[in-house]
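Visitor: Listed below, chain by chain, are the residues.
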Amino acid sequence: MNFKTDKIILAVFLIISAALAFLPSFVKSEYLLRLIAVVILWIGLAGCWNMMSGYTGYIDFGPVVYFGIGSYVVAIAMTKYGIPFFPSLALAGLVSAITAFFIGIPTLRLKGAYFAIATFAFAEAMKQITLEFDRTFSVSFFQGSDGITLPISGYDNTFFFYCIFPVTFLVILAHYFIEHSKFGYGLKAIKEAETAAEISGVNTTLIKLRAYVTSAFFLGLFGAIEAYWITYITPSDVFNVQKTVQMVIMTLLGGMGTFLGPVVGAAFLTLISEALGTRFVEYYLIMIGAIIIVAILIMPSGIIGTLKIRKKLRFI
Amino acid sequence: MTGLQCKDVTMKFGALAAVQMVSFSLNPGEILGMIGPNGAGKTTLFNCVIGLHKPSSGKIYLNNVDITGMKPHKVCRLGLAKTSQIMEPFQAMTVFENVLVGALHGGRMRMGPAAKETERVIELVGLNEYAFKLSGSIPVPARRRLELARALATGANILLLDENMAGLNPHEVDDALRIINQIRDSGKSLIVVEHIMRVVMGISDRIIVLNYGSKIADGFPEDVVNDEAVIKAYLGEKLSSLKVA
Numbered sequence: 021m022n023f024k025t026d027k028i029i030l031a032v033f034l035i036i037s038a039a040l041a042f043l044p045s046f047v048k049s050e051y052l053l054r055l056i057a058v059v060i061l062w063i064g065l066a067g068c069w070n071m072m073s074g075y076t077g078y079i080d081f082g083p084v085v086y087f088g089i090g091s092y093v094v095a096i097a098m099t100k101y102g103i104p105f106f107p108s109l110a111l112a113g114l115v116s117a118i119t120a121f122f123i124g125i126p127t128l129r130l131k132g133a134y135f136a137i138a139t140f141a142f143a144e145a146m147k148q149i150t151l152e153f154d155r156t157f158s159v160s161f162f163q164g165s166d167g168i169t170l171p172i173s174g175y176d177n178t179f180f181f182y183c184i185f186p187v188t189f190l191v192i193l194a195h196y197f198i199e200h201s202k203f204g205y206g207l208k209a210i211k212e213a214e215t216a217a218e219i220s221g222v223n224t225t226l227i228k229l230r231a232y233v234t235s236a237f238f239l240g241l242f243g244a245i246e247a248y249w250i251t252y253i254t255p256s257d258v259f260n261v262q263k264t265v266q267m268v269i270m271t272l273l274g275g276m277g278t279f280l281g282p283v284v285g286a287a288f289l290t291l292i293s294e295a296l297g298t299r300f301v302e303y304y305l306i307m308i309g310a311i312i313i314v315a316i317l318i319m320p321s322g323i324i325g326t327l328k329i330r331k332k333l334r335f336i
Numbered sequence: 148m149t150g151l152q153c154k155d156v157t158m159k160f161g162a163l164a165a166v167q168m169v170s171f172s173l174n175p176g177e178i179l180g181m182i183g184p185n186g187a188g189k190t191t192l193f194n195c196v197i198g199l200h201k202p203s204s205g206k207i208y209l210n211n212v213d214i215t216g217m218k219p220h221k222v223c224r225l226g227l228a229k230t231s232q233i234m235e236p237f238q239a240m241t242v243f244e245n246v247l248v249g250a251l252h253g254g255r256m257r258m259g260p261a262a263k264e265t266e267r268v269i270e271l272v273g274l275n276e277y278a279f280k281l282s283g284s285i286p287v288p289a290r291r292r293l294e295l296a297r298a299l300a301t302g303a304n305i306l307l308l309d310e311n312m313a314g315l316n317p318h319e320v321d322d323a324l325r326i327i328n329q330i331r332d333s334g335k336s337l338i339v340v341e342h343i344m345r346v347v348m349g350i351s352d353r354i355i356v357l358n359y360g361s362k363i364a365d366g367f368p369e370d371v372v373n374d375e376a377v378i379k380a381y382l383g384e385k386l387s388s389l390k391v392a
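Going down the list, the protein sequences come from chains C and L.
Each residue of the first sequence is one higher than the one before, counting from 21 in the numbering used here.
Each residue of the second sequence is one higher than the one before, counting from 148 in the numbering used here.
It should be emphasised that the hints constitute simulated quantities derived from the structure, not laboratory data.
Built from N, CA and C at the ideal position, the CB exists for glycine as well.
The reader is advised that the hints may include incorrect statements.
[Claimed, not checked] Computed spacing ranges between beta-carbons, pair by pair:
{"hint": "1", "chain 1": "L", "residue 1": "P317", "chain 2": "C", "residue 2": "P320", "range": "38 to 44 Å"}
{"hint": "2", "chain 1": "C", "residue 1": "S160", "chain 2": "L", "residue 2": "A162", "range": "54 to 60 Å"}
{"hint": "3", "chain 1": "C", "residue 1": "F23", "chain 2": "L", "residue 2": "T149", "range": "51 to 57 Å"}
{"hint": "4", "chain 1": "L", "residue 1": "L163", "chain 2": "C", "residue 2": "K100", "range": "57 to 63 Å"}
{"hint": "5", "chain 1": "L", "residue 1": "V212", "chain 2": "C", "residue 2": "F122", "range": "54 to 60 Å"}
{"hint": "6", "chain 1": "C", "residue 1": "F179", "chain 2": "L", "residue 2": "K263", "range": "48 to 54 Å"}
{"hint": "7", "chain 1": "L", "residue 1": "E384", "chain 2": "C", "residue 2": "K332", "range": "53 to 59 Å"}
Isolated chain L (complex conformation) (with noise of 0.2 Å):
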């Protein structure tokens, strides 16, 4: 099988069980939209799948290998690259050199196809205004799209963006859908965590659910919202009588 399977991936810090026993797998092509309270685990269970945090139990497979506790560079090389919700550009660099590292180690290119493929990502997330200025001068909407295109330099095939799209006006945000439709048309499957309901029900072609650690719902955007355990958990009364679909 290849895409992205998660085995009862379980992340414990002392007594607290961040994730629990969650399994959940992301086929090629596909986007799943990731969901669930403030706490209930979906950046720990990110933090798993890259190799930040070595899951207490449970496996991790990417395209069969098994990538459980493997290290964040090796798994970045394999094909998985990640967007944080907390940004983190390399500030005394440019825009430009920020997503040359991802394509000169991730993608483990040589300095000239790197600068070329570096090229075309900031095309492609529409940077180019911004390419030549330091990282740490730009404003936050670009940083985002640096932070996703860090990500697509390194060449991975499959994306988690995590809240990447916090903080931007629904302006933004339409444009932000946009290049994520682009790059699941270019072939990639991307897993998105996002709070915005318009965002994750508009994308997703499946969501999954967290809550407290444990995964309480997992299907199609349409089904999922009208869980009763996920308008408990999650949604509220008011959303689901909306019928958000």
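The following block holds chain C by itself, in its conformation from the complex (with noise of 0.2 Å):
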């Protein structure tokens, strides 16, 4: 096998993110530093679910879920039980992918829209759980509507880019990984056709399995950051299906089960977004719609999903 070229574009990304690295110590405009930081949170966030998702075919519409619970744990660890951040953060994935754990083992073996309504119907619930919960019960723990408000870190942007960065980072190149390894070729064949994976000595529940856990990890960690960067949180914001539908869509834009789609469709959506949304106050979200229509019907397996068919290229 020639991987060549696979290694080629594996160091062209090591060196664009090496660079990137510095950007904060030359980037003095806050609001610049702040619009990066979250174009390499939506790309790690894409990059989550392309992981699951754009690999195994299995269509996750709850991954903002695992976000959510790690804004809470984050948020009641320090507010409840005064761990620092960095605890706190590293507790928030741990108890992401442990859910993800326990909802995967039965909701994996749905098939199709299924998998799609049950992972919907979880994130939702957790919504309402962490809405209706100290009603309920008479106590004082998720606050319910009124949310919780994380104690001020005094941080700028600057500590959220690098909180954030290292993430994004791990997230990519773990993509790279699975392109290369037996993990990924089981992901892959899970796709493709799962029985004949099956009778082929994959162990499909066992993969799906863990997909599904290391993303959620990372879901969970980006929760986490996002919760301490803005400081308050609400489970109507922190379970916001939008979440959920724009790590979808930049996906889709991108290419699923590509190494650079989630990258590619996460900053270009931002940024549109952003370029957009400035001028045209009103008008924005009614054009952002149709250039997802155009892009989707002009290339359906997305902008790197069809430069990879188009140039015949094993991985990109």
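Put the two chains together into one complex, using the hints given.
Guide: Printed below as a string of structure tokens:
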């Protein structure tokens, strides 16, 4: 097998990432730095979704639930138990991953639309639980629709840039290993023909679960970082289905099951929303909708996906 | 006892018994032909053996290990692989990658050795010219061989071929027969389900016949084709009068 071009693509990715790591020392505008951090956050979120759904073809319609769990774990750990940010962050990833393990076991047996519905329902259920738990049990834990105010960090955008950047970097780098590993071939085989994969010796249940749990772990980290960044969370914000939709659309735009798909899709959509949103405050959503429709019509496999097919690339 | 043993395997779908009290054994190095009319339960029996269905009753042993109701990937790793009648290549992957999945997961190999094994198997079944083509884009005979290659790459000692030669022309059938004989000579045993009598008669050491889910004959090819019940159920008068043997 010739992995030479793959290695070149990886090298380019590593060089660009290394350059990006120094960005905060050059960017003086706080607005610009914040925008860049948001783009990188979305690349990471789309990457998490791609890791699971892009490679296995199991359309997860509730990834936001792990983002939300991460947010709530960090908020509760910091405000109720006084745990510092970084240990809370680790806890957030861990709780998300463990939850994904127990949710994954029953839901990953479902296929197609049923899996999408189950994951969607779980995300909505979590939102309702955080909203109604306190009132039902007369306690003060999730603080319902009042939300939780986190301790003000006092950190600037540079700090959060350096929180988000490494996580996103790991998520995208993980794609490279997925594409070149036994694990990744297992995932792709599941996407193409699950029964054939199973009888060829692929432990489909375990592999799907591993992808799902890994994806949830990173989503939890992102949720935790964002909660600390914006310092105020409510159930309807952190479990907002719109976040899910955005992860899905970004990945579809970029190309499902590709290395650079989430990067391109997320950067494209975030930047275009920002560019149009500031100029056409009232109409920008319509314009974005139109752009998405046109893009999907011209490139049904997404930007990178189409490039991959046209140029007959094995990996990009 | 090594090899594969089925004891009184019954598979019921609701009230319908697709497979009923079927027992047979496959000895190491043997080619067992399995014939029977459409709907006789051949594929269902295969699916029970490899773990896609859990039999309603009965036991299946592979090298003395009870594999009844075991998950397909475990059965595969224990040395039993199947090619499907309805071909299911991983379409977006190349032929090479398809076979690689078998070697990596079924054969539990690391990337390096798996790639070597894949090359060997692709050579063996004669798929070299298609190795780096997408498996969805290759012709049917090549896809049949791909199914075989993927099963072989798992390192399984027993292969179940479910109509692996369906849709091939006589010339292609000859090629396929040559490959199957090569596989047997490498020490593997096979169960071959096929409707082409020339194939079944030519390569089988023994033949079992299924009809309405039950085994109606089990023996040497020449005995089976002259069996009254088999003629009535499957072969028909004309073919037996030709004395195919």
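Visitor: Which earlier hints can't be squared with this structure?
Guide: The structure breaks hints 3 and 5; every other hint is satisfied.
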